[in-house]
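Generate the whole structure from the sequences, applying the supplied hints.
So the sequences go chain by chain: A and B.
With my numbering applied, the first sequence corresponds to residues 7 to 360, in that order.
With my numbering applied, the second sequence corresponds to residues 416 to 788, in that order.
No wet-lab data here; the hints were simulated from the structure.
Be aware that a few hints might be false.
As the list claims (entries may be wrong) - Incomplete in silico selection of chain B near chain A, CB under 8 Å:
hint, residue
1, 674
2, 675
3, 678
4, 679
5, 682
6, 683
7, 685
8, 686
9, 687
10, 688
11, 689
12, 691
13, 710
From a predicted model like this one, the values you see are computed outputs, not experimental measurements.
Note that CB positions come from ideal geometry on N, CA and C, so glycine has one too.
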Amino acid sequence: MSDWKSLEVFGLAKAEKHAWLLSELNRLTQHHQVHCAPYANLLAGQGLQAGYAESLDDVPFVAARLFKMLHLSSTLPDNVFKTLTSSGTTSQVKSQIVLDRNTAALQSKVLVSLLSSFTGKARRPMLIIDHDGLTGDKAGFSARGAGVQGLSFLGRDHTYALNADMTPNWPVIDKFMAKYASEPVLIFGFTFMVWQHFIQPLIASGRSNQLPPALLFHSGGWKKLQDQAVSNDTFKTTVRQALGEQVAIHNFYGMVEQIGSVFVECEEGHLHAPSYADVILRDPETLAEQQVGKVGLIQVLSFIPSSYPGHSILTEDLGRMLGEDDCPCGRKGRYFEVLGRLPKTEVRGCGDVF
Amino acid sequence: MSSNIQCWAGSPDYLQWSRTQVMPFNEKRVQFLVRLSEALLSRHYSAALTALGFWLRESQLRQWQQEYANDDKVILAPVGRVFIVSPSNVEGLFAYSWALSYLMGNQTVVRVSEQLTDDQQTLFTLLESLHFQTAGLSEQAFISYNKRSDWTLKLSHWCQLRMLWSSDQSIESIRQIILPAQAQEWVFPDRYSVSVLYLTEADVPKLSKLAEGFARDVSTYQQQACASPKWVFWYQTDKVLQRQFWKAVDVCLEDVFPASERLIASQYLCALGGVEVFHGNIKVIEGSGILGGDQHLEGVVGQSQCSDLAMISAQMPNHIQSVAAFGLDQAAKVALMTRSNVRQFAQMGHALNFDKVWDGIDLTTILSKKVRL
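The structure is reproduced here in structure tokens:
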């Protein structure tokens, strides 16, 4: 693996970035072909060559749902450090992502490097919009727990804002707000939980404008908020009303299948691919790469996964490519937006009546 | 908890019905089904509803009536109270088993999924309007309820025959609810279906017709029915002919299966050791034997090459149901069924056509009793 640490997080322009990432991805395709038999079968069965992709578009991809249907591991059972599972809210069957120590460590390091380009090097006091009790069991680790643990490296004085029943823990929140009223703090939570269990109760209880220099990272999908007709703009406006006009708010797009290399929203409201990862949009019908401006299925690429063949995954999310290297925020790389899940006719098994 | 019950058609007072006195092929009931059939065939309903209308045409009902005519030794009588649990993947299936139960003179309660499909809505509206005109459903009910309620328990104690069309898992869960000793039970669990094709040069002129039939079998219910063919065994068939067949099938399946589903299905079967040999509107994966039989895949068919019938029967899983066949004579079919659990054969294009003998069971027989005189 070439040294990713020397790369500027959002500093590589197209040619340089593609060259670096392509060689990493080709290396990983070959690695997984050797170490994961079902993946090798998949390549062979589809007539795909491992490691000879000439462009990012050519890198073989695995359909995300396969992680729910198969145990895909490129590491020996003895080396499994923990297994991540998806939240499983929209489907009964959960993804199983096998991590060894190297992949888990790389995930954390990349995530910290990436997000600290927004927060700065110094660790900030951190308010976590969740309850304390998600990260205990390594064997069955949820996406929520992994997210909280991953981001906790960016903070200090980690304070959990919620009780186990999801109600705000007011004494703890009030204490945190009083202590850090004028310091740049970090807040992290899953989008819906931030909205439902923190911002709404905060407004309802008359607490407002108490953390003006805060930075809020949130992630985890918009479906529940769309159901309540809450757009990203409404979300931001309301959060600023509750916490302060100067609050920086960054959504990010990521998934349990590729923890670490997330796509963070910039000041312009665009999701950005960092140097370590990329995104390709594919026509939902032909699966051909889509041009800028077109809607397509989101494929995510990352140099991180070595313990499972997840370096190139075709998701079931729809998005739109907005551009490359030319976002007004100044960051290089591709930028895009996420439009939600691919609508699909639900496959119903014989037993659904029960 | 006995709340959350919804009655879509018929009479909601089933727990109060007194003993039925209706006999099999009761003329009023035959007439009700004839009117239902005519209504379904008189307008442009979906293919599934039209098929139901055709199945219940009067000439068919009269033919059955003759087939089951009483003689001086045995008289046919209803079972009595029948409780049918229907699956949600084949939303029209309940109508067939209900129609047979109804025709046999039974009181019937049918449980359907709480989320009605458009076809189900249409059918219930039609049944309600016929019921309004004829009171023909006074001892029938079509209901939904929450699975956590105790209605399955109540109805299991109410019925004399419990008929479950469901997944293995759901059947096992319902079986936790004890059925009284005097009641019977018939189950229709998870099944897997295949196609066995034996083509020669002489069949080339028939190829497009055959392909059309196969495409109909896989596109109906998006391959999710137990009788939908999911694997093709090629029996002594030239590979050039196979390719011609798939090209002809491909033409009939435009826009049927979403690309992402085809990709997932194909990648899954390849990961298990298959090789993609055809890709288009449907993908074909070759394997030495059946792969991925426990997943609900869409837009993919597996295939294996077989030089003798023993090889094919050895590949059949225990829960094999239908074989949509071409080119097999009766001796070949008998050879296949004696060495496997095959429960029915179908012509190409007719794999999903319901028959009163289904899954190896004569439904009219189990929905009635034969009283010796």
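Structure-based check of all given hints:
no. : hint : result
1   : 674  : holds (5 Å)
2   : 675  : holds (6 Å)
3   : 678  : holds (5 Å)
4   : 679  : holds (4 Å)
5   : 682  : holds (5 Å)
6   : 683  : holds (6 Å)
7   : 685  : holds (3 Å)
8   : 686  : holds (4 Å)
9   : 687  : holds (7 Å)
10  : 688  : holds (5 Å)
11  : 689  : holds (5 Å)
12  : 691  : holds (5 Å)
13  : 710  : holds (6 Å)
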